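Peer 1: Next come the chains, spelled out residue by residue.
There are 2 protein chains.
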Amino acid sequence: MQTKGHSRNFIYTDWILIETQFDPDQLHSKETVFTIGNGYLGTKGSFEEGYPHALPATFIHGVYDDVPVVYTELANCPDWLPLVVIVNGDRFRLDQGEILRYDRQLDLRYGLLSRYLRWRSPSGNTIDIHFERFASFADQHVLAQRCHLTPVDFDGLIEVQGGINGYPENQGFNHWEGLDQGKTDQGIWLQRRTRHSRIEIGMGATMKILGTEASLQVSTAPGYPTLTTTYLAKSKQTVTVEKIVTLFTSRDTETPVSAATEKLAHLPDYATLLKANEQAWDEAWQQSDILIEGDSTAAFAVRYNLFQLLIAGSRHDDKVSIPAKTLSGFGYRGHIFWDTEIFMLPFFLFTQPAIARNLLSYRWHTLPGARRKAAHYGYKGAMFAWESADTGDEVTPRWGLNSDFYGEDVRIWCRDREIHINADIPYAAWNYWQTTGDDEWMQQCGAEIILDAAIFWGSRVEFNSERQQYEIRGVIGVDEYHEFVHNNAFTNRMAQWHLQRAIAVYDWLAHKFPERATELEQKLKLTPQERSHWQDIIAKILFLHDPLTEQIEQFEGFFQLEDINLADYQGRDHSMQAILSIEKTNKCQVIKQPDILMLLYLMRESADFPYNQKALQANWDYYAPRTDITYGSSLGPAVHAILASDLGKSAEAYEVFMQALMVDLEDNRGNTSDGIHGATAGGVWQAVIFGFGGIQLTENGPVANFHLPDGWTRLKFKLHWRGKWHDFDLRKGQVTSLRSEFKIQNSKFKINDPYK
Amino acid sequence: MQTKGHSRNFIYTDWILIETQFDPDQLHSKETVFTIGNGYLGTKGSFEEGYPHALPATFIHGVYDDVPVVYTELANCPDWLPLVVIVNGDRFRLDQGEILRYDRQLDLRYGLLSRYLRWRSPSGNTIDIHFERFASFADQHVLAQRCHLTPVDFDGLIEVQGGINGYPENQGFNHWEGLDQGKTDQGIWLQRRTRHSRIEIGMGATMKILGTEASLQVSTAPGYPTLTTTYLAKSKQTVTVEKIVTLFTSRDTETPVSAATEKLAHLPDYATLLKANEQAWDEAWQQSDILIEGDSTAAFAVRYNLFQLLIAGSRHDDKVSIPAKTLSGFGYRGHIFWDTEIFMLPFFLFTQPAIARNLLSYRWHTLPGARRKAAHYGYKGAMFAWESADTGDEVTPRWGLNSDFYGEDVRIWCRDREIHINADIPYAAWNYWQTTGDDEWMQQCGAEIILDAAIFWGSRVEFNSERQQYEIRGVIGVDEYHEFVHNNAFTNRMAQWHLQRAIAVYDWLAHKFPERATELEQKLKLTPQERSHWQDIIAKILFLHDPLTEQIEQFEGFFQLEDINLADYQGRDHSMQAILSIEKTNKCQVIKQPDILMLLYLMRESADFPYNQKALQANWDYYAPRTDITYGSSLGPAVHAILASDLGKSAEAYEVFMQALMVDLEDNRGNTSDGIHGATAGGVWQAVIFGFGGIQLTENGPVANFHLPDGWTRLKFKLHWRGKWHDFDLRKGQVTSLRSEFKIQNSKFKINDPYK
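Chains A and B are the protein sequences, given in the same order. Heads up, the first sequence is in the working numbering, so the first residue is 113 and it goes up one at a time. Heads up, the second sequence is in the working numbering, so the first residue is 113 and it goes up one at a time.
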């Protein structure tokens, strides 16, 4: 294997991330970085043999359970990884003995994680151990591990214990209560259930020993069934242990245990499973890969980010969506934010549209929760949760609790005030429809989302009779450094844009699917009065925009706040909020993440008001220097990269793009241990495609007005648009036209000009 | 064994609690009821083989760890109980197969818990199983289990797994991280550490098989070391399994694991351990037993309550105290309240004075936390925590969090306002001194508690220049239904009483221990001005008392609140606060627990102001009918029993006494699953001794003006007072004089008239 290069923190080939030294200080961030998954579950890169303070975790989409303060969280599932090797009485563990070789590799091409180790035990026996694992991309209920054991300098007894640990932890909390466990002809099984949400899990495991004679023993410590084998190892002779695990939950089937044990009984061997996994990955990459030439670091790191999205997007379940930290960490407790629709969705929309559809359908399934939230706050329609989980109810914690006995608790206001999400989701639903032409989904799901969320705005706006304008008061905009503002430009304009689309969708529905229109009118109490109220709001909503300079004020009074020169804080390694305090940032012109610039970005694709080149320049010049791009929000850098690229600031675009690209590979915000930055990964794709690739969507499909960064000689990718694939192979100094390559297989999508 | 009788929910002999049927609905309350312990740890009565939703728990004094919202809690320790029996492949468990006999017994005399079972396995094999366990009262680091197995109708394979479960849970949370585990010649060991407080635990276990040939296997699932034996069982032949566990923490020794394994290596057999345990219990009961004749239910139940106190009081550690729910439940998270000093302490003070001394020394050791609390709230001196744990810092939760997505959180104000505890602890310290004459402790610990807590009052009172009186505003009194009141009579009078004692203690110290007096003057900044400030407060503190009628107003404006007729709510099974809402009870003359009556009770012993017979009658008549005695606070009934007895209301006294007596045995408040009501157990002792026994403390020692309830023919107990034991053997219709019986062994206490 030939490495292509190395960055500050890692080595890579075209497809493989390599770590050649184990650093205990990076234990938790590397557990995140080496996550594997298959769109059904994600498993962190923790060691098979354990390590002090390790935080092994497997998260399954939709498997939430109650927890105080944050209401609900993805339950860490029983751990399928334990594979303990005991060499002549010494348990293999990296904190004891001597590590003579260490090489951990994540193969993005096939989702395969492996470790090559040479270890000298405390008693002086040297052994080569090669671990390998994958979560099958071909069958999402199958997990596989393999371990090659080769004594280097001894003959002796080797014991291998392969188990399922039914005591997984969410920061110490075990969501699972034991139901049962047992043995089968094939091995062991475990049945557990979440304490409150009562989701049952059934897991089965077998273990096979190749290359020696050895029998298996089953030990059944309650909650920790284990298969054990002991054999007489010979120097230089390799013995292989294969452990296969199957897993179902009651979200999949009524009888998870028998589903798991039955599947286990009929599985082929490890090599065959691995081959099927590789074929499935081939298909995924054929659609989603981006090839970059001339910048091997970026080429690898872009693939790394796309890999994170591919293992997180649900392929067979439309009642789940992707949490902010994907399925790779405890951060934000598996809650789902606008991150999914605005940052991650475009990647799926243009390369895996079936997954995009699943992600948006989740919002349709959770409309009842959004309606409960609206009713609780005294509004109408659907008010989407700022943080959403299984039901769509609001699960943003109310409090940041102080662990100090006498410290004050901090009230978190996002659940009450960060309402722009109610336009963001309709924005994504509209774009899905525009891009795929999926009328079937639009009439069944999308229209209801867009219309019921519009009804919310109708009840949320206030008419200011003095101004003769509609206002939206008391919100948090995209920028979360200002926690109680009036007429945030992003929120007001997005609400207006949303209401415009709601009217278009209603008209289209009434024209094309009159029965569904009538059904929704009744269900949502959607009257002609309501729609003319929308028209009135569209016409009269306040938007703080100077038509002369094109400058937009982020919210009322922003320009009057104290100005802060961010350059004075160069070299800091904390957010401006941490440095200045919450109270102070509320009073200053310093922003956490692009807000006006985010609005311009979202309006850019369709060149909608207030987007134009002059507006972009004027507002970039004002807001970019006031944005805490390094330590504010990780949502910022990719958006800045695209806009800087638009403005011809190539060097700046690339610099800030690299910040986004490396956020987890280099842990440059120090919180990769909490999980992968999913929105950043999605932003990376958008920066490459829309920024450097310069993709614009025309009546005839996507067109590339590309401007590649210095050094990039080639940028090759595919986009799916209205039922057809469009191939792009962009080379420096060469204009490449698009061509339609192949139709998506079994496509349900038709080209369709939405009714206007 | 001859049973003496049975109550609604249980059967008993003189000393043994018997349960003859297993009711899964009472799983958790019975786990509490069958708790065993030895003053070092408590272990709930969960089954050796487990049960769905069982909550096995072992709590060790002082082993706290961090937890959100409630700051810290007693960490449930690794479970030493697992003893799994597999009969021809069927795991013995009460939720499968058939229970042909069930008999659980708690022998209070020796702290021995046993279960006799006849069980038919799903495959039809019938077996007699007899479990037994105790936590040695002779050596607090030793825990022992025994199991007799006798096949009734089959020969076959029996497997027994004895383990230590390193995954214990506090409501799902596991406070322990794994450090290491392993095998010894004797068996297995486990080393774990609390996550935040970093308290290490070391446990060892051995297992012995008697009556058959069988070898032991060690299996080492990570965190769950297990000893397994399999043997060929013969019909009607008994095989005995003995499992001995040793346990140390880093609070006891620097090397808990080696302490545990070394102790294990040198232990005698189960029978010898059991004998030593019995001897230790003999000694304890010799001092603390109460014999009642003529009312076998009360006789047994009183012993049951005393047992709960005996297993909870720390005999060898003066840095811990007894939590509100003793060491028997998760309720109140192992936090320590005034319950200990005011309700539980008298039992120890008069029957186990060395334990009383430990309990009060805990408050001395935690003075630094009380000082931090005072400083945080802007006061001087020591402000004791309403809820206290390892450091003495305030650990009352700020919030009762609503698990509903949209429900409001409830602010809990006790940490800020329920300050009467700052006089309650000095009250107990003074009484300890008066009762024991322990000058050594008083000069070293007690004086500092009393003086520094008095300094707090000096800074807390406010002088009302209009009234020319001192006030204490904005408090919660004993009655917690009123959350923001001014000049609560209990608080004001107790503060005054405390300041009076503080002056006496200072004068005594200056006279008898002038060096210590100087030391404390400097350390506490205790000036002559401060002491004359105390005199001024004593003279001028507001106390809402009508000298004519002797009626006392609970706080300013109480008599103006809306009156509620509690009789109208007869038959309810919720507290009045739950029925009326927090807001409403705040505005009504309905109280959670005796407040004025509690004050009268505390002043009764020394017949201090405002206690006299007329005051008692007047205030009883007013307040008793307005007190939510059934579902308000469990602190109420015992106090009402004593005062009713004083007032000659014998029937009423007995009725309310029985409420207290049966609170856990009959689970009559429905929350025994949270743990034993420790304060009620202490109140039971006080009701028997001070109420029915009519004990009054005179210059010459305790005197009994007893008035036994109907049916009681004899009441016999001992009291330790000023270095001597006083025996009481009270018989109906017969005046029994006291006599001094024997001196406490190795007594450090001298008779001492404190300086006045």
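Simulated from the structure, these hints should not be mistaken for laboratory data. What you are looking at is a predicted structure, and each value in this text was computed from that prediction instead of being measured. Among the hints, a few may not be true.
A pair holds if it fits inside one copy or across any two, identical chains being indistinguishable in the list.
Stated by the list, open to error - Below 25 Å or equal to it, Euclidean Cα-Cα: the simulated SDA-like pairs (lysine to any residue) are:
| hint | residue 1 | residue 2 |
| --- | --- | --- |
| 1 | K295 | A326 |
| 2 | K295 | K726 |
| 3 | K295 | T341 |
| 4 | K492 | D516 |
| 5 | K637 | Y491 |
| 6 | K828 | E668 |
| 7 | K431 | A487 |
| 8 | K295 | Q208 |
| 9 | K295 | S327 |
| 10 | K348 | Q208 |
| 11 | K295 | Q329 |
| 12 | K761 | N724 |
| 13 | K635 | E668 |
| 14 | K295 | L328 |
| 15 | K844 | D135 |
| 16 | K635 | Y489 |
| 17 | K431 | D516 |
Peer 1: Does each hint hold? Answer for all of them.
Peer 2: Here is what the structure says about each hint:
no.: 1; hint: K295 / A326; result: both (18 Å within a copy, 23 Å between copies)
no.: 2; hint: K295 / K726; result: neither (70 Å within a copy, 75 Å between copies)
no.: 3; hint: K295 / T341; result: both (15 Å within a copy, 18 Å between copies)
no.: 4; hint: K492 / D516; result: between (40 Å within a copy, 20 Å between copies)
no.: 5; hint: K637 / Y491; result: within (13 Å within a copy, 59 Å between copies)
no.: 6; hint: K828 / E668; result: neither (44 Å within a copy, 81 Å between copies)
no.: 7; hint: K431 / A487; result: within (23 Å within a copy, 52 Å between copies)
no.: 8; hint: K295 / Q208; result: between (33 Å within a copy, 17 Å between copies)
no.: 9; hint: K295 / S327; result: both (15 Å within a copy, 23 Å between copies)
no.: 10; hint: K348 / Q208; result: within (23 Å within a copy, 50 Å between copies)
no.: 11; hint: K295 / Q329; result: both (10 Å within a copy, 19 Å between copies)
no.: 12; hint: K761 / N724; result: within (17 Å within a copy, 90 Å between copies)
no.: 13; hint: K635 / E668; result: neither (37 Å within a copy, 56 Å between copies)
no.: 14; hint: K295 / L328; result: both (12 Å within a copy, 21 Å between copies)
no.: 15; hint: K844 / D135; result: neither (40 Å within a copy, 79 Å between copies)
no.: 16; hint: K635 / Y489; result: within (20 Å within a copy, 55 Å between copies)
no.: 17; hint: K431 / D516; result: between (39 Å within a copy, 22 Å between copies)
Figure legend: structure checked against the earlier numbered hints; hints not met, in rising order: 2, 6, 13, 15.
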